[in-house]
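Here are the chains, one letter per residue:
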Amino acid sequence: MLVTRPLNKILVLLLPLLLSGCAADWGWYVVNPTTKTGMTNLRFLLSGLYYTVSLSLIAILISVFVGLLVALPGLSQKPYLRRINRVYVELVRAIPILVLILWVYYGLPQVTGLSIGVFWAGVIALALSDSAFQAEIFRAGIQSIDKGQYEASHSISLSYTDMMRFVILPQAIKRILPALGNQLVYMLKMSSLVSVIGMQELTRKANELVVSEYRPLEIYTILVLEYLVLILIVSAGVRWLERRMKTDER
Amino acid sequence: MPTASPLIKLDAVSKHFGEFQALKQVSLEVKRGEKVVICGPSGSGKSTLIRCVNRLEAHESGTIVIDGIKLDENPQNMRKIRSKVGMVFQQFNLFPHLTVLENLMLGPVRARKLSADKARETALTYLGRVRIPEQADKYPRQLSGGQQQRVAIARSLCMEPEILLFDEPTSALDPEMINEVLDVMVELADSGMTMICVTHEMGFAKKVADKMIFMDHGEIVEEATPKKFFAAPESQRCQDFLEKILQH
Ligand SMILES: Nc1ncnc2c1ncn2[C@@H]1O[C@H](COP(=O)(O)OP(=O)(O)OP(=O)(O)O)[C@@H](O)[C@H]1O
Ligand SMILES: [Mg+2]
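If you read the protein sequences in the order shown, they are chains V and S. Last residue of the first sequence? That's 250 in the numbering used here, and every number before it is there in order. Last residue of the second sequence? That's 1248 in the numbering used here, and every number before it is there in order.
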C-alpha cells in the first residue's frame, strides 16, 4: 500500500519544506496560525475539507453500487448481457473526468430540463466515471471466487440473489478491499477537479486564497499537505479494515 | 406406490464438452432407498453423470426425471429438484467466510425458509449425527479435512434431501481421515437414504452398495449387484480396472 509508517513519511516530506521555509523567499506568514490573518486564512483553507470528503464519500458509495450492478451482467453466460457490460465500461472509461464534470454540470440540465447544483453535478460525474473502474474490480473479484462455491450454493438450492449476497460477494469484497481503498484515494484526488465548476472544496479554496494573497507557493503547499494527510488517513483506515476482516476468520 | 416408479430415472442421457462426448446415451434407474456406487477410470464421465442429476451440468439429450419431476430448462423444476438432491464434493466446498453453524443454517433459512431457531436446531442435530457437535462455532479452515467433509455432509443433510450424491468424497483426504467419513456414509446408507456415490473405496462399496456401476469412455460398461460385480464382472475393461485398484 501507500506507506508503512505514515508519520515518518510526513516528516521526511516536511523536512525539505521546513528547511527551505527558512529561506527568505518563503512567506509563511500567510498561514501563520499565531497571527490573526494567518489563522483566518488557515481556517478558510481547511473549510473546503467538508466538501472534498463528503463529495468523495457519496460518490464512491454510488459508484460501488453502480459498479456492482454493471459487473453482474458482465459475468453472465448470455453474450448480450456481457456486451452491455463491455459497452458501458469502455464508453465511460474513455471520457476524461474533467470533461464529464463539465458535461454533467452544463450539459445535463439542458437534456433533462432539471438544473443540478455543483455538489450533485460533481457527485454524479465522479461516481459515473469511477463506476466503470468499480465494475472491472468487482468482475475480477467475483471471477476469482472458486467455482466450487457456486456449485455448493446451487446444491443447497440457494437463489441467485442469495448466493451472491451470502456466499460470493462477502468473499469477493474481502479480496477487492485493497482495490476499493485505492479507488477512494483516487476519488479524493479527482474531487479537486470539481473546483472548475465552482465547488468550494479544498482546491477551490486554495485557488481563491491565492488570488487574494498572492502567495501560491505557501498556499499550494498547504493544499498538498491537506490531501496528503487525508489520503494517509484513508489508507490507514483501509489497512485496519483489512486486518479486522482477516482476523474475523480465524 | 412410491416404490413402483424409480426415484431417479436417466434415459439415454448425452453430454458433450465441445467436441468431446463425456456421456454417451447413459441410462440408469435408482429406486428409493437404493445405494449405487459408480467407479471407473479418470475421465470416464462419473462426475459428469452425477452432476447432471442436480443440473450442475446441463445434459443435451435424453431425459432425467427425479421423483416425477422432469429436469429441463424450467428453473422451477430445477429448484425443486435441487432441494431434493444434496451433493457432497471432493473438495468439500464449504463456505470459508462462515462458521460451521452458519454453513449449515444458510440453506435451511434462505431456501427452505425455516426460522433461525429451527434451522439452528436442525444444524446441531446433524452436526451430532456426523459426530462433531463441538465444532459449531469454528471456521472451516480450523478443522481437519475429515471434519470438513463431515460438515459438508451435515450441510447437505440440513436440506432434508431425498437423494445424496457423493463425488469422490474421500479422495482429497489423508488416509487416516478416510474412515471417519466413510463411517458417517455407512450410517447414512443404513438410515435408508438414496445415495449415488462415485468412489474407489471398494470396502465401502461392498458394505453398502445395492448396485455397482463401472463407467468407461462416457458409457456404463457394467451394471451389477456387488456380489456379481466383484466376483465375475462381464466385461474385460471392468475386470482390468478392478484388478488394478484392488491390487493393494
Ligand atoms: N467443464 C468441462 N469442460 C471441458 N471438458 C470437461 C469438463 N468437465 C469434464 N470434462 C471432460 O469430460 C470427461 C469426463 O469428465 P469427468 O469429470 O466426468 O470424469 P470423471 O470420471 O469424474 O474423472 P475423475 O476420476 O478424474 O474425476 C473428461 O475427459 C474431462 O476432461
Ligand atoms: Mg470426477
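What the hints contain is simulated information worked out from the structure, not anything from laboratory work. There may be inaccurate statements among the hints.
Claimed, not checked - Think about it this way: if two alpha-carbon atoms lie no more than 30 angstroms apart in a straight line, the pair counts; the simulated DSBU-like pairs of lysine-lysine are:
| # | chain 1 | residue 1 | chain 2 | residue 2 |
| --- | --- | --- | --- | --- |
| 1 | V | K78 | S | K1084 |
| 2 | V | K78 | S | K1118 |
| 3 | S | K1118 | S | K1080 |
| 4 | V | K78 | S | K1138 |
| 5 | V | K147 | S | K1113 |
| 6 | S | K1138 | V | K147 |
| 7 | S | K1228 | V | K147 |
| 8 | S | K1070 | V | K78 |
| 9 | S | K1227 | V | K147 |
Consistency of the hints with the structure:
Of the supplied pair hints, the one linking K78 (chain V) and K1084 (chain S) holds, its CA atoms being roughly 28 angstroms apart against a limit of 30 angstroms. With a C-alpha separation of about 38 angstroms, the suggested pair K78 (chain V) and K1118 (chain S) falls outside the 30 angstroms cut-off, and the hint is violated. Our distance criterion of 30 angstroms between C-alpha atoms is met by K1118 (chain S) and K1080 (chain S), whose separation comes to about 21 angstroms. For the proposed pair K78 (chain V) and K1138 (chain S), the alpha carbon gap of about 39 angstroms is over 30 angstroms, so the pair is violated.
For the hint linking K147 (chain V) to K1113 (chain S), the alpha-carbon distance of about 25 angstroms falls within 30 angstroms, and the restraint holds. With a CA separation close to 23 angstroms, the supplied pair K1138 (chain S) and K147 (chain V) stays within the 30 angstroms bound. Restraint check for K1228 (chain S) and K147 (chain V): not satisfied, since their Cα atoms lie roughly 38 angstroms apart, outside the 30 angstroms limit. A C-alpha spacing of about 24 angstroms is found between K1070 (chain S) and K78 (chain V), which places the hinted pair at or below 30 angstroms, so the restraint holds.
Restraint check for K1227 (chain S) and K147 (chain V): not satisfied, since their Cα atoms lie roughly 38 angstroms apart, outside the 30 angstroms limit.
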